[in-house]
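Protein chains: 2
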Amino acid sequence: MLKNKKITILGLGVLGGSYAKGLHKAGVAVSAIDIDEDALQTALSNGWITEGDTDPAMIKDSDIVISCLYPHAFVKWIAENKQYFKKGALLTDVTGVKRAVMERVNAALPDGVEYIACHPMAGRESRGLAYADENCFTNANFIIVPEHNSQYALDTAYEIAHILGFGNIVELTPEEHDRMVGFLSQLTHVIAVSLMNVADNTDLADYTGDSFRDLTRIANINELLWPELFVLNKDYLMKEIDAFTEEMQVFKKLIADEDYAAMQEKLRISTRRRAYFNKKKG
Amino acid sequence: MLKNKKITILGLGVLGGSYAKGLHKAGVAVSAIDIDEDALQTALSNGWITEGDTDPAMIKDSDIVISCLYPHAFVKWIAENKQYFKKGALLTDVTGVKRAVMERVNAALPDGVEYIACHPMAGRESRGLAYADENCFTNANFIIVPEHNSQYALDTAYEIAHILGFGNIVELTPEEHDRMVGFLSQLTHVIAVSLMNVADNTDLADYTGDSFRDLTRIANINELLWPELFVLNKDYLMKEIDAFTEEMQVFKKLIADEDYAAMQEKLRISTRRRAYFNKKKG
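Residue numbers (this note's numbering), protein chains in the order written: chain A, 25 to 306; chain B, 25 to 306.
In case anyone wonders, no lab produced these hints; they're calculated from the structure. No experiment lies behind these values; they were computed from the predicted model shown. Honestly, I wouldn't trust all of these hints.
When chains are identical, the list treats them as one kind, so a pair holds in a single copy or across two.
The calculated lysine-lysine pairs, modelled on BS3-like cross-linking and capped at a C-alpha distance of 27 Å, are [what the hints assert, rightly or not]:
hint, residue 1, residue 2
1, 277, 100
2, 100, 30
3, 49, 29
4, 110, 263
5, 110, 84
6, 29, 277
7, 277, 263
8, 30, 84
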């Protein structure tokens, strides 16, 4: 039961803040560590956290530590502050890439501290506590990425996801997770960004319809977070970029050759596959 | 004034049907030609058209003919039936590519028949009269592509757009139009289709968030219409595909090199440009 545990959130950004607000709303008390005193003060005065500190040593009596830091900051924080974890503490996180982060965090953690990797797939373009919104988890996917974890760690991950109201809770291996986000999330962000960067076509904004706006909505992107995610998953992501640009070139050849039958077949397949993704909408 | 003219729509598909319903609603009587007797009967019994026929000779007393045919069918229909136009008749259309279609239609038309090219940019994934909806024009762009046109032809194009409720009416040259649709519309459809075709990733549908759904919505596509549009604009479109895939490869290189500063700059530019497209939303 989370309610009997001492829980500390690392990082009160948009996601850490949303966790704090969601847990608070469910009657689960949490404390928080952040380098920003103002963020701590805001969370304290709203009652979202019961304690706040800039000192990492604050985790020393925490049963559960939830890192809501960016990937590089998370790995660095653990390396620098691992000595403060108490024996039997459970560490979890929200990081959007898994293999590289899990390898580094597990290598740094002392014996007696267990890490269970989690990825709440809740969209967020804006940064900072001011945009924290515990409702962003409704109907979203919560991915648990277990690796030699205890039943207690697994149960805790599920309990966090349930309390925060996630719609779909799934277990994946680190490889399955990283392949999935490489295609569904990272490739799509590189596409949207590249479409905006290929040329300054802002003079065309007057003629823009919903299609273009839908396709580039995620080109509004956190430029500090995403390059870290791309680099930490670069083997999968670079393969996806190559496969995708190759497919675009194959289609270009069909246009050049005026091969109507082959284009029609491609469009029939894309329509059929896309319908499957529609059906799955939660 | 449209109300004093005899108007005939060619083709009662989703767009021709939407034109008929919209004009009828505004008190403008129209007749229609279609090869599908059932479509004519449906439109007649609903009062959307006052006359319907499968015989092209029906246009012989029409003041205004509005082609809502696919590009190839439009060009072929004009070549085969140009003798039925009366002297002084005005031809307009809805075709999504302009240079190639205007050249072919103008070459085929007899003296005394004027063609004014128009492109109502109203999204439509579904086909057929059953999906016709005169409300799809609200807030949409109506592009007029004049070339040696009379004031009467221009005034008529504006009147049609106003009556149907378009939000934004713009004049472009054939080249400006085709560059614009090549980037905003055709490239984006090739991207969405290629993203669905690159691999069968339907096993990932469970994990899909709004980003992926937004990016691939237009992968649900009319496989008969779009290959024609792609081919008739292939010079511009193939250049856009090359520029876009090259930009994706440039970004891949930044990931490979772990060049955080350069990636951050790309993401800042894409966020800034995307904001401009947001501001312009009607």
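(request) Identify every previously stated hint that the structure contradicts and give their numbers, smallest first. (result) Numbers 4, 6 - these are the hints that the structure violates, sorted from lowest upward.
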